[in-house]
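If you want the building blocks of each chain, they are given just below.
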Amino acid sequence: MKNELENKIMGKINDGKIRLKSKYVFWAEKLGLGTAFTLSIVLSILFFNLILFYLKETDNLKYLSFGKFGIFAFLESFPYLLVIVFIVLIVFSGYLITKSDASYKKPFGQLIIFMISFIVFFGVVLTYTGLSQKIENHSRNLREPIRMLLPLAEIHDRGVSGIIFEKYDNYLIIQTPQGLRRIEFENNNDLKEGSFVIAVGERKGFNFFASEIKVIERDDVPAIGREIDFKFRSFDRNDFNKRIPSNLLYFEDEEKKCMEDCFRSERSPRDCFDECIRP
Amino acid sequence: MEKLNDEQIVKAILDGDNDAYREIIRRYEEKLSHYLRKFINDKDDIEDVLQVVFIKTYKNLHGFDMSRKFSSWIYRISHNEAINHIKKYKNTRICLDDVEYKLIDDKVDIKREADRMFLKKEIEEVLNDLKLKYREPLVLFYLEDKSYEEISDILRIPKNTVGTLILRGKKLIKEKLEEIGKKYEE
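Taken in order, these protein sequences are the chains called A and B.
Just so you know, we're using our numbering here: the first sequence kicks off at 1 and counts up by one.
Just so you know, we're using our numbering here: the second sequence kicks off at 1 and counts up by one.
If you are wondering where the hints come from, they were derived from the structure by calculation, not from laboratory data.
Just to be clear, a hint being listed does not mean it is correct.
Output of the computed footprint for chain A on chain B, the stretches with three or more beta carbons under 8 Å from beta carbons of chain A [as the list claims (entries may be wrong)]:
id: 1; region: 15–23
id: 2; region: 54–62
Only pairs whose alpha carbons sit at most 20 Å apart, straight line, appear in this in silico DMTMM-like list of lysine to aspartate or glutamate [stated by the list, open to error]:
id: 3; chain 1: A; residue 1: Lys106; chain 2: B; residue 2: Asp15
id: 4; chain 1: B; residue 1: Lys171; chain 2: B; residue 2: Asp129
id: 5; chain 1: A; residue 1: Lys17; chain 2: B; residue 2: Glu30
id: 6; chain 1: A; residue 1: Lys23; chain 2: B; residue 2: Asp65
id: 7; chain 1: B; residue 1: Lys87; chain 2: B; residue 2: Glu47
Where a beta carbon is used, it is the ideal one built from N, C-alpha and C, also for glycine.
Required output: the full structure, derived from the provided sequences and hints.
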């Protein structure tokens with residue numbers, strides 16, 4: 001058996017039936033693995049930074065200040081997609097570590113802890129660079145599936161935040177990242193036009209029925225403020241003769257049509273709201 | 001060629017001396033066949049797996065890291081092929097040499113005289129019942145004389161884990177053998 005196997009294999013080698021795989025195949029493999037690992041770590045840092053940015057700069061965490069009524073609004077506006085992509089990247093990085101020699105030379109648990117600490121540290125450092133804000137500005141021009149990663153203008157059923165545009169007896173018109181919206185709220189005596197507010201309640205169609213409203217500072221939710229600025233950039237609130245573009249009117253079709261007709265007759269937004277928005 | 005170490009032979013092959021691979025086959029044929037017998041029972045199957053191991057080793061020589069031990073690398077390939085074979089045929093019966101079962105008997109440090117008289121069949125049975133994760137490091141450490149470092153490279157598990165698995169495996173064998181011993185006494 002001994003010489004038989006030896007001769008058999010050497011015969012195949014000498015006949016050229018078995019050949020050495022090119023060294024470039026192994027180089028490419030190593031390079032590919034290294035590149036994929038580096039890329040997944042860089043993306044993990046970026047996504048962790050975006051999660052922090054979202055939690056810090058939007059209304060998501062602020063809903064928790066409403067106690068148990070705010071939990072649904074918090075859960076609804078939580079950046080699930082960012083977190084899922086982040087977890088997938090961490091798992092993928094961990095998988096790539098198992099493919100390297102380091103996975104058994106050092107305890108795997110330690111390597112994972114080191115990797116996550118590295119990602120968290122640089123993710124936090126990135127939040128001070130203003131990169132997230134650049135991504136935020138850039139994301140407005142991106143297509144829908146990618147824009148969903150940073151859902152700043154998404155409509156939620158349990159919570160809303162924005163600037164009071166008009167105040168009426170039992171409802172408010174507020175500027176939000178989705179446009180002008182009507183918030184039904186009876187006890188609004190303390191609220192002033194121009195204040196930044198956050199509300200929890202329930203959305204029914206185009207109307208939001210608030211159970212509680214709080215006045216907040218613009219700096220508490222800077223990303224929402226910027227999103228509103230961007231949405232209303234072509235509209236000057238003080239210029240009452242200027243019509244409000246129809247894409248900024250988040251109202252029922254009938255009300256929206258009435259508002260558009262009202263603007264055509266060159267009346268002020270306040271007059272139009274009085275005429276078109278039914279109590 | 002006989003004076004060169006494994007790594008030097010690999011370098012010679014990579015430099016174009018294909019015939020140097022004959023020396024690698026000569027050095028490892030018996031060792032690997034011996035190792036594979038701990039996982040595969042059938043002689044023809046062992047020969048087939050061995051052939052695949054040598055072919056894969058040759059083909060992938062450029063992928064061998066020269067800073068490592070060649071023997072660990074070729075054992076790693078054999079280990080992978082043995083596992084593939086086990087998965088394919090669901091047959092993991094161990095086959096011990098006459099000397100090996102006594103070696104196991106000694107290593108597990110059985111104090112009771114009656115337990116020392118186990119038959120080869122019983123030792124084989126106990127090893128067969130042992131989970132593969134314990135059997136692999138035990139076989140490499142006691143029957144293939146590999147160090148923790150080499151076992152770590154072959155099985156791609158941390159050195160500390162190798163030690164833990166060997167200790168636990170030894171304990172499990174001892175318990176099972178003592179159980180069998182008690183039955184004999186009764």
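Here is how each hint holds up against the structure:
1. 15–23: holds (count 4)
2. 54–62: Holds: 7 residues of the region 54–62 of chain B have a Cβ under 8 Å from chain A.
3. Lys106(A) with Asp15(B): 34 Å, violated
4. Lys171(B) with Asp129(B): Cα-Cα ~14 Å, so holds.
5. Lys17(A) with Glu30(B): Answer violated: Lys17(A) to Glu30(B) is near 24 Å, above 20 Å.
6. Lys23(A) with Asp65(B): 12 Å, holds
7. Lys87(B) with Glu47(B): 17 Å, holds
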